[in-house]
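Both chains are given apart, each in its own frame, so use the hints to dock them into the complex.
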Amino acid sequence: MYNFYSKIVVQPPCCTQKLLLIMKLTTLIMITVLMQVSASTVAQKVTLSEKDAPLTTVFNDIRNQTGYDFIVTRSVLDQAKTVTIDVKNAELPVVLEQIFSGQPFDYQLTERSVLVKLREPSLIGKLKTALGVPADINGNVTDSLGQPIAGASVNLKDTRFGAVTDNKGHFTITSVPQGRYQLLITYIGYSRLSTVIENTGQTLNLHYVLHPSTDQLDQVQVIAYGKSTQRFNVGSVSTVGAAEIAQQPVSNVLNALEGRVPGLNVTSTTGAPGSAVQLQIRGQNTLNTTNNTGLSPNPYDQPLLVIDGVPFAPQNQNVNQDYSIATALNVALGNPHSGISPINSINPADIESITVLKDADATSIYGTQGANGVILITTKKGKAGKTTLNLNVYTGYTQATSPVQMMNTLQYNAMRLGAFKNDGLTPSANASDPGFAPDLELFDPGKYTNWFNYFEGGEAKSTNADVSLSGGTAGDTYLISLGSNHSGYNFPGDYADNRLSLHTSFHHQSSDKRLNVEFGTDYAYDRNNNSNNGAVLEAITLPPDYPGLLDAQGNLVWSYKGFDLGSYAGSYNGVGNPLGYLKQTEDLKNYNLMTRLLVSYQLLKGLDISSNFGYSKFDNVESEAQPLLSQDPAQYPYAYAQFNSADYETVDIAPQLNFRKEILKGQLSVLLGGEYKRNISAQTNLTGSGYNNDALLGSIGAADNVYASNDYTLYKYSAIFGRVGYIWNSKYILNVSGRRDGSSNFGPGKQFGNFGSAAAGWIFSEEGLFKKYVPLVSYGKLSGSYGTSGGDGIAPYQYQQNWISNSNENYQGIRPYYATNLFNADYSWSLNKKLNLVLDLGFLKDRILFNATWYRDRDSKQLVLYNLPSQTGFSGVLQNFPATVQNRGWEFSLTTKNIEGKEFRWSSSFNISGNTNKLVAFPGLANSPYNRLYTIGQSVNVQYVWKNAGVNPTTGVFQFTSANGQPTYTPTYLTSTSQLNDEYVKEDPTPKFYGGFSNTFSYRAFSLTLIFQGAKQTGKNYLAGVYVNNPPGVYGVNEPVQLLNVWHKPGDQASLQAYTTNAASQAASTAAYDFANSSGVWGDASYLRLKTLSFSYTLPAALLKKTGFAGASIYVHAQNLFTITGYQVGDPETQTIFGIPVQKTIVAGLNLTL
Amino acid sequence: MKAIKYYNLLFYSLLALTASTWLSCKKLIQTPANATNQIGTAQVFADSADAEAAVVEMYVDFSDSGIGLQAAGLTVYPGLSADELKFTGGGTSFENECYTDAIPVNDGTNNGLWTTAYGYSAIYQANSCIQGITSSTGISLSEKNQLTGEAEFMRAFWYFYLVNLYGGVPLVTSTNYLANATLPSATVQIVYSQIISDLKDAQHRLGVNYPTAGRVRPNYYTATALLARVYLYQKDWQDAETAASVIINSGIYSLESNLDNVFLDGSNEAIWQVPFANPNQPYVDEGRVFVPPSASTIPKFVLTSFLLNAFETGDNRQSNWVNSNSVVTGGTAVTYYYPYKYKNGQAQEDYMLFRFAEQYLIRAEAEAALNDLPAAVADLNKIRNRAGLPGYSGAMSSPAVQAAILHERQIELFCELGSRWFDLKRTGAVNAVLGLEKPGIWPADGHAALYPVPLPQIQKNPQLTQNPGY
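Taken in sequence, the protein lines are chains A and B.
In this text, residue positions in the first sequence follow this note's numbering: the first is 1, and each later residue adds one.
In this text, residue positions in the second sequence follow this note's numbering: the first is 10001, and each later residue adds one.
Read the hints as simulated data drawn from the structure, not as lab findings.
Keep in mind that this is a model prediction, so the values were computed, not measured.
Treat the hints loosely; a few may be bogus.
Cβ-to-Cβ under 7 Å is the rule here; a few derived chain B residues that face chain A [to be verified]:
| id | residue |
| --- | --- |
| 1 | Pro10170 |
| 2 | Tyr10177 |
| 3 | Asn10180 |
Computed cross-link-like contacts, BS3-like style, restricted to lysine-lysine with a CA-CA straight-line distance of at most 27 Å [what the hints assert, rightly or not]:
| id | chain 1 | residue 1 | chain 2 | residue 2 |
| --- | --- | --- | --- | --- |
| 4 | B | Lys10026 | A | Lys861 |
| 5 | A | Lys750 | B | Lys10026 |
| 6 | B | Lys10026 | A | Lys833 |
| 7 | A | Lys617 | B | Lys10026 |
| 8 | B | Lys10027 | A | Lys617 |
| 9 | B | Lys10438 | A | Lys421 |
| 10 | A | Lys750 | B | Lys10027 |
Quick reminder that beta carbons are idealized off the backbone N, C-alpha and C, glycines included.
Chain B extracted, bound-state conformation (with noise of 0.2 Å):
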């Protein structure tokens, strides 16, 4: 009977436990504010030391992310579209794809590409750091500046490759996704209207110094470098020419005397250069991606004879920035040219985003067009001595110097970051040189010029209109 009794009590007591438990439902789901693993938006702007690690998300990528928009991808297929390399795997894959000029509108990878974009490490994240960092409490007004400054030169730095990849893209300046979800396409003016001013913006706020150690994060000039390639694609002559000057005359920058120097960590030539961030993968993917792991192996891009045969004789940077592979399949011995600016040397390389020998030639390009030809010409043959090559001398037509400064670009800039494939289409010469390179390849009606926006887009978002041709 006391068995039942202390039963009883035991039971009574657990039901009003329970019950008074189960009345108070509220505490029962309480959990922490957070996951353990994470962190809420005002965690992250509330100091400067946080807010900086989110800007700093905006570079790592370049090195964290295989060939993608960013790190080998902005070269390579840029680089297949255009005329300059060949991908030597067989099958369906996006590298013939850009080869041969048709990119099918539902591609995985240029999909790819437009997410990387506008993604949490691209346009999102300069976005959310400008609005962060601009509500916050906790970071001084030079913190401020600094790190706003970078994020803005960020998204002017994505957008200008959206817009020379896809034409007009829609321009989403905030994180408000029920408002971002429906914006059109603006057009490619108001896209560049947003760069510059986003630049103009940026230059106010960076200062002169890098922030930190090496060239790794923007300043004041890399602001003002991709100011000066933005005008020139904008054919404002003047407003690049002043641009590229305030570089040149910086006295920060000079050329490498060694062209094998110049892809190197800490190189002179560097503006903005970025280290690999992941030591998973301790090497700049343009260098893995073209050089093959041995001699015997058939390099997976090889650079086509336009550009080998477009080198002229004792240049340097064909020594120095072209190497080759020559391959026994089945008796007969095959020779295969890659790039080599990078050399797969891994410490020692950085990604070079924008360098110095870049500024000379746009501001050759603008005193040529503004007829200062002697100046243009002078600019021009820094870039060719440096290589080895003899300056042009004596006088020179207009056009022949605008040719000239074209043809060195092409040679000095090739397989970097898109430069060739957009120096094409911004020149309006990419129907004529392609037509003749890739008979039965390029489309007559010149549509593969732009990619076409990926068809998932479009799908989500009805405003999207499709590139003409696709």
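Just chain A, same shape as in the assembly (with noise of 0.2 Å):
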């Protein structure tokens, strides 16, 4: 019925071009319809795996499974060659093809049967053979379902002959000489396909198939505007895939990073479900513009998130505008980067891969936004084919990891009669009296609440549900993605964080495939509610006998035996009850809009020309109600109602031009681009007050009095960049790239910057000698690269003098007017210089794969708020910093294949960071507000602290060591690092190293896999959190049980100073607060976690049979299960005893394929 005329009858010279190629479109045209038809007929699908098997089991194999029998004769079948193949469920005339790529035979394909006959030469072709005379190679590629792959390279090896493959799978190779070659074919994501040719003069046609690669060296990996493998890509770049992602049961994706990449450092904030995940590239670029006072945060490098090719428009910020439980009221009391995510709107369900790109080349061409290094979030796609439906769901519970154990009542009141007898004071029920002691005068001694189990000590609910539908044909693929899930806070009460997404993707080729056009847009609805007064998270010092929270009715308790307990202040703030701060909500609600269009066409052969269009909208709601019941009665309640909103918008449109091409043995690629942004963030905040009525506080209409106030921020950037990349040979890479960025950050004049970045690389594996003498090593890549990259993270107008009104005042009628700012308008970009160097080593057939790589990264001109003394007004200005801050680390990856059987597999990964800072310079260090923070030469991340020299044991009082080497009561405070002596500890916070190992086994349908992660690094430990408030002993706060460890009498040798009340001991409370800032609060907080364990069981395809199901599997997956580590209280990464400590989840799930 289908004739394959691959054979060429006589024909006169003149007339055998044009023939050819109406052949070629006879042909293509053939197996298009061919493709359409067995689409529509019952499938003749074959499936085989054979290495240098003879053709006649081939044969037979296939007749067995389809029922076409080969006619061949005997003598024909001497000449056959044997074949290898591995193909599964792919159209018979696309096995065909590959059967007889290398084989000296034609055939036929009939109705039933395959006719096979001995090729004849051509009397032309005979005279070319003879004559010696050049010919073409003609052939396509396609893959295993005969989908044609553009772009593939087809190279002759050592030659100078190559070309690429067109949309249609096709290519030429012309005039090449005759003799034998050897074909390489390489795409990415796709095994290499070696094979020897002969070329005898007579034009060839041929056909091969290119398999999904499973080396990981040819895995596709997303990098700034392309793609490209691990084999070829001379950058620095990692990728966590989507099965990875999938063993881990987190609602924020950054939680399955963890570990995961060397390079990367992933930080939870705090236990909260939605709360913010810090991450960090390559060190600390900048310098720290904390105050001394240590209320606001330092700035955080973070890395760039572009996902699907659009920056996402919130990036890693807080999205929390509002306190809440996730948010860290100040630094003393948890993490001051935490608060809610915006990555925790995005369904890990929906992500194909994460890519982060840390090096100059991988990052350059990012330009300004890349300093910090990127993180491209690449989305699931639809593939063709058949319908397919797939549900997954699991369902949990989480638990704190780190209870903190406090003193019972009677160690409580021991502690408080300790503190009492060393003041020398006596419990008075006097407030007036220094002595005044509720807690011992009047509370019940014989009550005892464990505040931490009553607030932290529960368990929480964790559930997720996705189902997704996939399909389409080879030229309109979809996929629609519908994901739920809730995270329940274990605190009492209602608390939850719930996500509903919807994530979809469309693509088409047009049918002459020159026209792409990929569409997708997600929608994700996130809603986070707790209280919005994170005190709450104090409550946990409560004093044990504290009276019971609620009364016989439910009501809130205010008073105990005529004591106002919202009267007298603990460090838990005149709060009374800490359940009142459980009523007063907070609702934040997130809704992500991420949409994009990628349209790409073809102009020439080797010529795209493509534009992104991206938009993402970040929309944050919020409102928050402190109801008057929520209140002590006594203390002024005060109802009021917060309505804010935030909106994070991203417009980018990135036109480019592609260009591929074979030239002198080697593929040119070359992009020119340009990029266009626009990011507008919006915020506007309506507080009421004077309500009467709590009922009302969601109305805005009912307030008394309404503030508002908005902010309006408008940035612009433009960009045009090219970037020329060169195989040559397989063997050698050259990448050079160059950008020009715009921002409308900057003052006139200062707005444009030039960056770019240079790269090689060198796969000495494919060298001949190597190759011949250490066969061993399968693949050997050294290659490196340097570039600059520059910032523009700061906020607008920055360069002028910015005056706002305040609608919170009226003076007689006039809204005031006041400056927000200093300004300098000469500050412009700054400037990243990243060196690295990396080595990648492949054994036993990439069956272990190791890369070592070594990086410096140095950050000048940086741009900052340059700290000043309020006597200029402010505490800064912005401008660009004259110091050079240098990162400098090695990264180790071990990828091993370690057990391969039939039935049972084990494979493992491992990979260990360590990052060293140091300040390179820094010109007028001395006279700058700096002298004291930094040294020339040290981290920019290092505190300088006293040195903690135990305490007295004769006064029970903490002493610190003295500048001359002896105990003191009073250390100094530095004022300059030229000061530093035997008084001060150089602490640094920043992890020595970190990474992880994962493992996993698989034995028939069982498969486990265990992720460690961890870090070595010091940290503040518990005591920070206990001194930096309150010495222990004053009334209302308990204490960790270890405290009980202290100085209790003369001659006690005692590492803890004595109780006290504070309110006569002026000596014990100024060395305790001394204590909060010495190396006393400092140790070691490395740790190796547990980080994910995964355990699933597929069922058997006989059982799924008879139910319907293409797929099924169940599972059970455990995150933070355990961790080692010799940190005493506490959590180790988290570091303080006041947050959600992090959680341990345990689900167990389903995962149906129809």
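Structure below.
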């Protein structure tokens, strides 16, 4: 019925070319027709896996599977070559093409049989062979489904001959001299195909099928404005795929990156659902600008987040405008960078891959925005084929990982009485008496409540469901997926983070395959409701004999035996009843819209024009209410409500011109592009106060007074950029990129900057000598890059003085204006220079892959708020900082396939990174506001603290080492690092190294993955939280049981000082305060954590057939199961006892495919 | 084929379009001159209405900043440092640190006080207004005088409090941060010279009439009232006497016969009073801080026995300006006394920043120092009589008159903007008095008389030095 004419009949020479063309076209049309026919009729699917098998064996296999007979004579078969093939469910014609591509046969496919004949060289052909005339090599390349692969490189090894396949998968290498060649076909994401061909002077028509690569080196890596593979990439790029993400029951995908990526430090800020996760690639580039009071958080250099080519509008900033349990009140109590993460509005199940770009080669093309590295998130796309419905559901519980054991009543009262004794005071019921002690005088000593368990010891539910529908034809594919996630807080009350998400992706390819349109939209709704009063986290320090918080009717208790509980403040700030805090609601809603359109068109062979149009909009709507009933009626209850909204919007247009050509034994790729970006961020805040009725707190109209304010920033950015890449003979790689950026954040004349990078690589394992003598090493690459990028990450309009008006205030009808900033018209781009050297090695056919990277980043002309003393009117001014900060480090990773049996498989992956930060230069440091913070040659993260000299055995008060080495109660404050002496100790909270180790075992249908993650670091211990507020022994503040072990009587050799009521003994409270700034609150915070345990079982096919499912598996996933650490109290990652502890999660789930 | 041509045309034109747009990069990143919710300095000082908005910013924060240097902080903290108030709350707090006269150099609240005084609503704003108004072309001369005079007055006001809390401080009189960032502390004398010169200039510029309704923005007499106080603190008796006399003789002000009316809006005693400017905080902070919310609540701050004992029997100020709560805790009833000058009466009360009674006390003290004892006693008796106490009569020695005046100041001006604290210090009595009243607490070397320069300020400006003893 369908005939394949790959044989040339005798024709006048002049017509050969034309005829050939016709032939080719016919062939293609036929393939297409065949494809469509077979798609609509009973599929003649073939699954074969053979290595060097005799042709007859293959024929038998195919006959068994399809019923097709092979008609062939024995003599013909004598000339047959062995066959190596590996196809699954492939169409018969495709399989035949592959089988016959190396054979000296022609074949004819009829309705029920395949006729095989010896190929007869034509007369002209014979003549050509005899004369040694060069010939063209034609062919096409498809995947195992028969889809053409466009853009694949086809090379004759060690020659200048090569070509790139066009959109139809077709290639032509013209005028190739006769001879034997090694033909090499490479395409990203597919295994390299290497085969020997013989050019006998006759035009060859070849067909090759590429298979998705199982070699990690050939997996697709999404890079800046394109794709690559680890094999040919000369930048530092790491990728985490969907399968790895799916193993972790996390609602925020950033949590799934912990321990996965060398060079990327991921830190959970709290265990609250939806809370912020900090990211940092290769260390802090900019200086801290925190002031000494420690109330404003340091800037934390975070990478640029790009989702499907569109910069994510809110990036990774805290979107929680109000305070909440997830947002720390101040540095002392928790992580200053906490809050609600916008990334939590993205369903991890919709993510195909996350790529982390680290060095100049990878990031330079992002210019300004890439100085701190780039994280590219690619969402899932539809796959052609049968409509597939996938359902994934899991549910389980979360629980605090590191409960804090506080003192019981007996211990607490002993501590208090000890404090009274030490201070020479007597407990009294009179508030104007220094010995006033309601806890000892009034509270019931027989009562004991474990407040940690009361507030944070519970279990919370975590449930997730995802449904996706995917399918389509070759030219049109789609994916629609719905997700729903519920993560509860383990706090009393109905607090949770709930997310609903919709992800869509459509792809259309025109029938001539030149036009490609990709369109997708994501929408997510994430609601996080909790308390707006983070101080409730301090409730764990309530005295254990504190009266019950609820009366018999369930109302909040505010007074006890005539004592107004809210009237006398512990650290616990006049609260009275922390359950009141829990009635102060915070309702946060995030709406995340991401939509993008990618249009590309092949103008000429090898030349594509495309443009990405992206729009990302993130709306944050919050309301908080402080009802009257949540407050002590005796303390001026005051009802108010806040209604806040914040919109982040990014429009991004990035047109590009891509050119690819095989030139001189190599592949040249050229990218020319431009980018236009507009960011808007707008905030509106409405505060209503003076409500008479709690029920109306949802109404702004019911407020007596309304305070309104808004903020609006506009940022525009444009750039032109280019990148030239050349891979010569699969051995030598060269990449050069350049870019000119413009930013509206700079003043007139300062808006433009030029940046660029160059990178080179040498795949030495491709060298003949190396191959011959070191066969064990299957892959070896040395590469390096150097480049620059800049930064403009500042608020706009800071180059001029801005005045605003405050609607809160009104002076005789005049709304006052005030200046918001000092200004400096001269600042411009910061400059980041990155140097990167990489060695990649593969052993035993890439079963073992090793990567070692060394890098050095230097950031100069830093654009930061330069600290100024308050006498200037403000805390600082924005300027290009004269200092240079260096980050230098190593990253190692090792991926191994330890056992690859038929039934049992075991693979491992290990990575470790270490970074050293150093202040390289700082002209004028001695006379700058930074002279006590930094020393040239030291890390910028270093903090100089007093050296704790234990407790004086006689007085029981903390001592510190003085400048002359003697103990002192009153150490001197550091005002310049030139004063550094024995009195001070250097503490650096930067991890020395961190990494992860994961193992996956599979046996038949069972699979088990264990991921360990850890860091070697020092940090503040629980004593920092204990001493920063109040010395142990004061009223109303319970302490962890570890505080039982303090100085009690003269002669005691204790590490912690005597209790004090803080009322009389100034020496003790000053010393306690100083202790919080000493080496005594620092310690080892290293840990090794079983981050993930994932166990799954895939149901057998036989069982599934009966049920009609295409696939099904059940699994148990666990997160943060246990932690090995010397960190005493609390969690070594969040390093505070006043935050929601990191949560342990255990879920069970089911995955079904229809 | 046609379709392909169409695509080609489309894409080439798209290419041409984008190329031409990108070549004119500058246009792509053009943004408006200001953010939508902000204006530039030129616009602020373009006309008097806008400039006035910048000037009144210096007043609104008295009612919009919680217990800071503005609002109740000026009363509460020096009151605790001296012998007026005791904090009943527990835990570590700036309040307790003030009471125990042991403020750590790195205390955040102390740093906040310093920062507020120099900040955008105080000295910085004053300097900014003086500069902007001076160079403005859109404001009439009379308006320039009024607004500049107000800014100069406010600058003097803040330096007066800074120099009394901290001693010598950096004297910042411009907005040039490059120059200001490294200024060392000026001597107390130089700061006072600037205060006096600012106030004299303000006297020239400000009219005797208040610029708007009420006595809510400074006039000539307000500048004079601060000047009288400054002269008094400087022991420039003659000038103090003259300045106080100017006000006393102006005929505008009189003592309120009813003590309960003194701190009300529209009080005849007011030389300068500031109404609350924030509808969310419709009260004077001193009222809200001192007056407990209910009769069964322990007040946050209680009056010390020293102050309570200083009241003479029959003094109406004790009955009208002091109140108490009797609270039963654990079976025993305890009486707690608290300041009751402001009654938390909301709308009727204003922040009283300068009041007439002080001028009699200033003049009396100056007259006594100048040895005009009868005049001094006469002025003193005006205050006593208003409080329902008999006037002093008969011959009194000069030290007796001076002691009587200080005693009267302690009672009349108790818990009012640090008056007692400053009196103890300027008269050199602080060590003797507090050493006696706060044994074991008051440091013998008396270094606590000055608050420490906040450590972060010294760290950010290496030219600053710490006050002795810290």
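Here is what the structure says about each hint:
Among the interface hints, the one on Pro10170/B holds; its C-beta lies about 5 Å from the nearest C-beta in chain A, closer than the 7 Å criterion. For the restraint placing Tyr10177/B at the interface with chain A, the shortest Cβ-Cβ distance is roughly 4 Å, inside the 7 Å limit, so the hint holds. Annotation: Asn10180/B was flagged as interfacial toward chain A, and the flag holds, the nearest CB pair being 5 Å apart, inside 7 Å. For the proposed pair Lys10026/B and Lys861/A, the alpha carbon gap of about 23 Å is at most 27 Å, so the pair holds.
Straight-line distance between C-alpha atoms of Lys750/A and Lys10026/B comes to about 11 Å, which keeps the hinted pair within the 27 Å bound. For the suggested pair Lys10026/B and Lys833/A, the alpha carbons sit about 26 Å apart, so the restraint of at most 27 Å is met. The straight-line distance between the Cα atoms of Lys617/A and Lys10026/B is roughly 25 Å, inside the 27 Å bound, and the hint therefore holds. Between Lys10027/B and Lys617/A the alpha-carbon distance is near 24 Å, which keeps this suggested pair within the 27 Å criterion.
Our distance criterion of 27 Å between C-alpha atoms is met by Lys10438/B and Lys421/A, whose separation comes to about 21 Å. Of the supplied pair hints, the one linking Lys750/A and Lys10027/B holds, its CA atoms being roughly 14 Å apart against a limit of 27 Å.
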